[in-house]
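Undergrad: Below are the chains, spelled out letter by letter.
There are 2 protein chains.
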Amino acid sequence: MREMSIEKKVLVLREGEAAEETVDKLVLEAPFTIFLNGSELVTLLCTPEKMDRLALGFLKSEGLLQSPEQVESLRVREEEGIAEVELKDRSPLAERIYGKRAITSGCGKGTVFYHALDSLRSNPVRSKTTVSAQQIREHMQRFQELATVYKATGGTHSAALADLEQVLFFCEDIGRHNAVDKIVGECLLAGISLEDKILLTSGRLSSEILLKAAKLQLPVVVSRAAPTSLCVELAEKLQITLIGFARGRRMNIYACPERIKPEG
Amino acid sequence: MREMSIEKKVLVLREGEAAEETVDKLVLEAPFTIFLNGSELVTLLCTPEKMDRLALGFLKSEGLLQSPEQVESLRVREEEGIAEVELKDRSPLAERIYGKRAITSGCGKGTVFYHALDSLRSNPVRSKTTVSAQQIREHMQRFQELATVYKATGGTHSAALADLEQVLFFCEDIGRHNAVDKIVGECLLAGISLEDKILLTSGRLSSEILLKAAKLQLPVVVSRAAPTSLCVELAEKLQITLIGFARGRRMNIYACPERIKPEG
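Each protein sequence line maps, in turn, to chains W and P.
In the working numbering, each number is its position in the first sequence, counted from 1, plus 1271.
In the working numbering, each number is its position in the second sequence, counted from 1, plus 1271.
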């Protein structure tokens, strides 16, 4: 695994004390350019780890890839920060990439997003799976234990996939979108059924994160942080169980509580 | 001012207690589409407040606008979530918008970003302004006091501009990029000199936030949160004083400490 942080001299000031020079760990941020069928698609700024997962997860979340069977080849040149993805079927791609002109940074999305949104509105998650509140609490405790880069740098978001017993995949990244996309990529590669799985995230629950889960038909999304109004609205429409402020003994259920067994 | 949160029923679960239904406040997330010279440029997902600032700040941060004098007209249709911006000089625009094809969400940037980066590398901040550590501590205390939507919802990021005496502008938004862009817009409209001003943010210090400050030639950037490796690297190159983990009595200076007077 590639190193995810570097050491850096820093000047620490404390009120009423002399300045103290010490060494701090900084999370790595690096550009990562994805080439799709030979043309440059995007440059993400990310923490350079699990870049194959990030490339596949990004393509899935952006609607450019449905299943790993569509991938002809995936080559990651880690040191250069480049991924080259070749898909078997190239036909519908140009139009989609053209549509991406309206997509931007700053947690923004363009027209493509709203098409996706409309199609998803008619695609609610049907899973009948249920999980106990106690299991969610244990998952979130484990989730925090696994966040070693965060503990060292304070600069990462985390995302994970859990089943009803344990955390299966865990990722960290400077970006909350990237962290979730790495998990999306893990799910694609694992090829496991997701109808009884749970997405854990350290980040705020915005509409974009909810839509990433919806594209995987994940029935339960959990975060330590707050949800937005649009995220809750979408979770109700898409029948995804949405849990926020999952901290210690407490959690808030914002949508579809029927999948959570209060105690047991 | 438009309401920035809505009330929503939520089910609160606490270990060993019965589920309790209560009312929670959720920060508003809404799509906001910016039309530039009649064509759709981008749809941001934001908290619908100070949308004129957000539109101008976004255009500035993306390199599509340098000064307010270039703006022929700006019309925000709040309820529809639309801004229509007309620039006087339209000539260089098409090429730039075309270049935006590679820009994406998830804290990502495309080729355009790296051109901007290169040009900025040769454009360090020359300001000789200095500020006391005590003043930074007072700014950050005031900054937290002003974050009323965060206190109510837990779902916003904050950004502010301060001079050597007080906090001048303050904004909240679901997105840390949006919050800073709203401040960028305030700066454009205010038309004040920025060579002795300080940018405050609640969010992580990534390369994109640093570049927004660099485009305004702001000499000092402060956050409660952690910086990334690339952000510190850019701050050194661009000679921007970078302060992270500014909490209570403590702060970490990662670049250009000469602008900070340790005590006094």
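Be careful, since some hints might not be right.
Claimed, not checked - Here are a few chain W residues that sit away from chain P, every Cβ distance over 10 Å (derived from the structure):
#, residue
1, Asp1295
2, Val1298
3, Glu1300
4, Glu1343
5, Leu1435
6, Leu1439
7, Ser1464
8, Leu1487
9, Pro1498
10, Glu1534
Said to hold, decoys possible - Think about it this way: if two alpha-carbon atoms lie no more than 20 Å apart in a straight line, the pair counts; the simulated EDC-like pairs of lysine to aspartate or glutamate are:
#, chain 1, residue 1, chain 2, residue 2
11, W, Lys1296, P, Asp1467
12, P, Lys1279, W, Glu1529
13, P, Lys1296, W, Asp1467
14, P, Lys1532, W, Glu1507
15, P, Lys1532, W, Asp1467
16, P, Lys1532, W, Glu1529
17, W, Lys1399, W, Asp1467
18, W, Lys1296, P, Glu1466
19, P, Lys1486, P, Glu1349
20, W, Lys1279, P, Glu1466
21, W, Lys1279, P, Glu1504
22, P, Lys1399, P, Glu1340
23, P, Lys1486, P, Asp1467
What the hints assert, rightly or not - Now the stretches of chain W that chain P is said to cover, found in silico as 3 or more residues with beta-carbon under 8 Å:
#, region
24, 1277-1291
25, 1347-1359
26, 1423-1430
27, 1505-1513
28, 1521-1531
Calculated from the structure, these hints are not laboratory results.
As the structure is a prediction and not an experimental result, all values here were calculated from the model.
Ideal placement from N, C-alpha and C gives every residue a C-beta, glycine not left out.
Undergrad: Does each hint fit the structure? Answer for all of them.
TA: Verification of the hints:
| no. | hint | verdict |
| --- | --- | --- |
| 1 | Asp1295 | violated (6 Å) |
| 2 | Val1298 | violated (6 Å) |
| 3 | Glu1300 | violated (4 Å) |
| 4 | Glu1343 | holds (22 Å) |
| 5 | Leu1435 | holds (17 Å) |
| 6 | Leu1439 | holds (22 Å) |
| 7 | Ser1464 | holds (26 Å) |
| 8 | Leu1487 | holds (16 Å) |
| 9 | Pro1498 | violated (6 Å) |
| 10 | Glu1534 | violated (7 Å) |
| 11 | W:Lys1296 with P:Asp1467 | violated (30 Å) |
| 12 | P:Lys1279 with W:Glu1529 | holds (18 Å) |
| 13 | P:Lys1296 with W:Asp1467 | violated (30 Å) |
| 14 | P:Lys1532 with W:Glu1507 | violated (52 Å) |
| 15 | P:Lys1532 with W:Asp1467 | violated (56 Å) |
| 16 | P:Lys1532 with W:Glu1529 | violated (57 Å) |
| 17 | W:Lys1399 with W:Asp1467 | holds (8 Å) |
| 18 | W:Lys1296 with P:Glu1466 | violated (30 Å) |
| 19 | P:Lys1486 with P:Glu1349 | violated (28 Å) |
| 20 | W:Lys1279 with P:Glu1466 | violated (27 Å) |
| 21 | W:Lys1279 with P:Glu1504 | holds (10 Å) |
| 22 | P:Lys1399 with P:Glu1340 | violated (27 Å) |
| 23 | P:Lys1486 with P:Asp1467 | holds (15 Å) |
| 24 | 1277-1291 | holds (count 11) |
| 25 | 1347-1359 | violated (count 0) |
| 26 | 1423-1430 | holds (count 3) |
| 27 | 1505-1513 | violated (count 0) |
| 28 | 1521-1531 | holds (count 7) |
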